[in-house]
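*Asks:* So you can see what is in the structure, the chains are spelled out below.
2 protein chains.
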Amino acid sequence: MTDRKPIRRSPRAPANSAPTLDDVARAAGVSTATVSRCLNAPDRVVPATREKVMQSVKALGYTPNFAARVMAAKRTHTIGAIIPTMENAIFARGLQAFQEALRNRGYTLLVSSSMYDPEVEKEQIRALVARGADGLLLIGHTREAQIYDYLEQQNMPVLVAWSYIEEARLPSVGFDNFGAMRALTEHILSLGHRRIGMISGLRAGNDRADRRIKGVQAALAQGGLDPAALMLRETPYEVESATLSITSLMGEPAPPTAVICGSDVLAVGALRGAQAMGIDVPGQLSITGFDDMELSRIVTPPLTTVHVPHREMGRSAAEELIEMVEGKRPGRSKRLDTYIVSRGTLTPPAG
Amino acid sequence: MTDRKPIRRSPRAPANSAPTLDDVARAAGVSTATVSRCLNAPDRVVPATREKVMQSVKALGYTPNFAARVMAAKRTHTIGAIIPTMENAIFARGLQAFQEALRNRGYTLLVSSSMYDPEVEKEQIRALVARGADGLLLIGHTREAQIYDYLEQQNMPVLVAWSYIEEARLPSVGFDNFGAMRALTEHILSLGHRRIGMISGLRAGNDRADRRIKGVQAALAQGGLDPAALMLRETPYEVESATLSITSLMGEPAPPTAVICGSDVLAVGALRGAQAMGIDVPGQLSITGFDDMELSRIVTPPLTTVHVPHREMGRSAAEELIEMVEGKRPGRSKRLDTYIVSRGTLTPPAG
Numbered sequence: 001m002t003d004r005k006p007i008r009r010s011p012r013a014p015a016n017s018a019p020t021l022d023d024v025a026r027a028a029g030v031s032t033a034t035v036s037r038c039l040n041a042p043d044r045v046v047p048a049t050r051e052k053v054m055q056s057v058k059a060l061g062y063t064p065n066f067a068a069r070v071m072a073a074k075r076t077h078t079i080g081a082i083i084p085t086m087e088n089a090i091f092a093r094g095l096q097a098f099q100e101a102l103r104n105r106g107y108t109l110l111v112s113s114s115m116y117d118p119e120v121e122k123e124q125i126r127a128l129v130a131r132g133a134d135g136l137l138l139i140g141h142t143r144e145a146q147i148y149d150y151l152e153q154q155n156m157p158v159l160v161a162w163s164y165i166e167e168a169r170l171p172s173v174g175f176d177n178f179g180a181m182r183a184l185t186e187h188i189l190s191l192g193h194r195r196i197g198m199i200s201g202l203r204a205g206n207d208r209a210d211r212r213i214k215g216v217q218a219a220l221a222q223g224g225l226d227p228a229a230l231m232l233r234e235t236p237y238e239v240e241s242a243t244l245s246i247t248s249l250m251g252e253p254a255p256p257t258a259v260i261c262g263s264d265v266l267a268v269g270a271l272r273g274a275q276a277m278g279i280d281v282p283g284q285l286s287i288t289g290f291d292d293m294e295l296s297r298i299v300t301p302p303l304t305t306v307h308v309p310h311r312e313m314g315r316s317a318a319e320e321l322i323e324m325v326e327g328k329r330p331g332r333s334k335r336l337d338t339y340i341v342s343r344g345t346l347t348p349p350a351g
Numbered sequence: 001m002t003d004r005k006p007i008r009r010s011p012r013a014p015a016n017s018a019p020t021l022d023d024v025a026r027a028a029g030v031s032t033a034t035v036s037r038c039l040n041a042p043d044r045v046v047p048a049t050r051e052k053v054m055q056s057v058k059a060l061g062y063t064p065n066f067a068a069r070v071m072a073a074k075r076t077h078t079i080g081a082i083i084p085t086m087e088n089a090i091f092a093r094g095l096q097a098f099q100e101a102l103r104n105r106g107y108t109l110l111v112s113s114s115m116y117d118p119e120v121e122k123e124q125i126r127a128l129v130a131r132g133a134d135g136l137l138l139i140g141h142t143r144e145a146q147i148y149d150y151l152e153q154q155n156m157p158v159l160v161a162w163s164y165i166e167e168a169r170l171p172s173v174g175f176d177n178f179g180a181m182r183a184l185t186e187h188i189l190s191l192g193h194r195r196i197g198m199i200s201g202l203r204a205g206n207d208r209a210d211r212r213i214k215g216v217q218a219a220l221a222q223g224g225l226d227p228a229a230l231m232l233r234e235t236p237y238e239v240e241s242a243t244l245s246i247t248s249l250m251g252e253p254a255p256p257t258a259v260i261c262g263s264d265v266l267a268v269g270a271l272r273g274a275q276a277m278g279i280d281v282p283g284q285l286s287i288t289g290f291d292d293m294e295l296s297r298i299v300t301p302p303l304t305t306v307h308v309p310h311r312e313m314g315r316s317a318a319e320e321l322i323e324m325v326e327g328k329r330p331g332r333s334k335r336l337d338t339y340i341v342s343r344g345t346l347t348p349p350a351g
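Heads up: the sequence lines are chains A and B, in that order. Per full-length UniProt numbering, residue 1 is the first one in the first sequence, and the count goes up by one each step. Per full-length UniProt numbering, residue 1 is the first one in the second sequence, and the count goes up by one each step.
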């Protein structure tokens, strides 16, 4: 294609800069919109044009990365986040910090709630891409591979939060759900508890719930207990449903002396349910939460729980995602630490 | 302009249909994008073209309403909502219902949080318009007139929720914040309370907070008390800050026997603060909330509060906004009823 016309660099481009979308468009004799389309939706371009453009792309050494960088010049300064739910404030605090950090860098945040439904999340990913989001924040790593393929085709910078998994396909700024729950369970076992119950969120499609369960089981195995003996109830993250779960757990032939809850919301429901049954917490039953939401300090007694650094996670995720969007790097994962907060709902077992 | 060329109707348009964007574009000899620009961003079109297009618009009897309807054919099926905060779940329940109802009609919801900052809200309105939202949901009626002018120029359907004000510029699906608080205060006075305190959200830019204060004052005046004697503290909607406010109120020379809180979040903070001071609630001090969030049932004793029909409000707002977007009507206001929920924090004053 070099025989067609000389490749001119954009007059505005500094000598050493990467080729721009303009350069490719000029070289191919098409509009920049056509070049964009060839790179992002090649099916929508006639083959002859597509070939011409792709030859210019090649001749100029224009790569998808460069394309992403050039398209960044048309940035909308809008970041999308899709969270599983807006209720219960589980994601609220981290998201607020995420938004504040974005705003300090000139970005507006648009949030969508998938209601823990993978189909809804898929629609929302497409909607946010179609609305021109510069980058996306997703929660957790469990989703169909074709979604990741789609996001790659779109050159969309995507970061995961709330779940740090080193080997995952996307970079993540999060914490080790497995390790956090294993540490809590080890602590509970060290107090002498042997009959353990767990009220977990629904694990399907939710890697945080899944890994928290596995963390509990790992600690049980390590402590010489049978992981299969864990009295496990899975339920939506709602106060009312945890109240039902605790009733069911306490109806077991040998009921637990400690119930590990997958979130503070579930622990609050378990606490209320136990108290309604006349069970003294923690005298007769220990209950633990997860998240360290404001809720955990409001109930009586206040919850022993796992502190998740929500604000720090939101802030770090914003910084990392902006670095990705502005093309400075492909996205680096970051693991944040959690720790146990001892309040009023965990003591050694009675008798 | 009829002398320039005959006005042809689009071959696809049924005989009786309104003129389409295509019709205008053909008549003016420009692209549909240019017509759109003339209607939506006339500053970005050279005067000669603009005049040509506006003549076609006029000749075809094409009106901004028709324009809106035609542009609706390019609907993005995306609705934007801007809420003051994502923390504390105040707006979460209503928004979840709003989203579910939108989804049933094929619309995706994108949410932004203004952090109670009018400047941030303004940026977010522009971002959602720029991202192609089909319609917007805003909270409350207090904002600069120029924002309403801008939204009108953009032909953007906008509905307000959480605040029903009949004479307001935008249609609203909400409740009567003034009347709800007046009714609660009347009830408190009927129990014999005479020294009343109030912990309110910050009223600047927040018509809900402002009208709740005025509702309390109206009931005091009606009950023969001096509204100026209301012991009022304004504070952000946070548990911790309400804890400080109750300490300050109880330090008054003649402290209140009942403290009316502008939200459940504030009431929970007041309750914790009072209990930390060794004050028995409701034995020595009555406290009331507003919203009837889950929080109000979780604390001990559970809060007497005002029930706001959050889910119904979200659902109704979605239905109304979709009707507006789909061009069937300009938007009708709807007032939803609130009522007092008597739980454990309000009794007649001691002695």
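Treat the hints loosely; a few may be bogus.
Unchecked claim - Derived lysine-lysine pairs resembling BS3-like cross-links, with alpha carbons at most 27 Å apart:
no.	chain 1	residue 1	chain 2	residue 2
1	A	Lys-74	B	Lys-74
2	B	Lys-122	B	Lys-58
3	B	Lys-58	A	Lys-74
4	B	Lys-74	B	Lys-58
5	A	Lys-122	B	Lys-58
6	A	Lys-58	A	Lys-214
7	A	Lys-214	A	Lys-74
To be verified - Listing some non-contacts, in silico: residues in chain B with all C-beta distances to chain A over 12 Å:
no.	residue
8	Val-120
9	Glu-123
10	His-187
11	Lys-214
12	Pro-253
13	Asp-280
14	Val-341
In short, the hints are calculated from the structure, not lab data. No experiment lies behind these values; they were computed from the predicted model shown. Here a beta-carbon is modelled for each residue, glycine too, at the ideal position from N, C-alpha and C.
*Asks:* Work down the list of hints and note, for each, if the structure agrees.
*Replies:* Now for the hints, and whether the structure bears them out:
1. Lys-74(A) x Lys-74(B): Holds, at about 22 Å.
2. Lys-122(B) x Lys-58(B): violated (33 Å)
3. Lys-58(B) x Lys-74(A): Violated: Lys-58(B) and Lys-74(A) sit about 35 Å apart, past 27 Å.
4. Lys-74(B) x Lys-58(B): holds (22 Å)
5. Lys-122(A) x Lys-58(B): Violated, because 43 Å separates the two Cα atoms, which is more than 27 Å.
6. Lys-58(A) x Lys-214(A): Between Lys-58(A) and Lys-214(A) the Cα gap is close to 48 Å, so the pair fails against 27 Å, i.e. violated.
7. Lys-214(A) x Lys-74(A): violated (44 Å)
8. Val-120: violated (7 Å)
9. Glu-123: Violated: least Cβ distance 6 Å, not greater than 12 Å.
10. His-187: Nearest chain A Cβ is 25 Å from His-187(B), so the label holds.
11. Lys-214: holds (29 Å)
12. Pro-253: holds (31 Å)
13. Asp-280: holds (14 Å)
14. Val-341: holds (17 Å)
Hints 2, 3, 5, 6, 7, 8, 9 from the list above are not met by this structure, while the remaining hints are.
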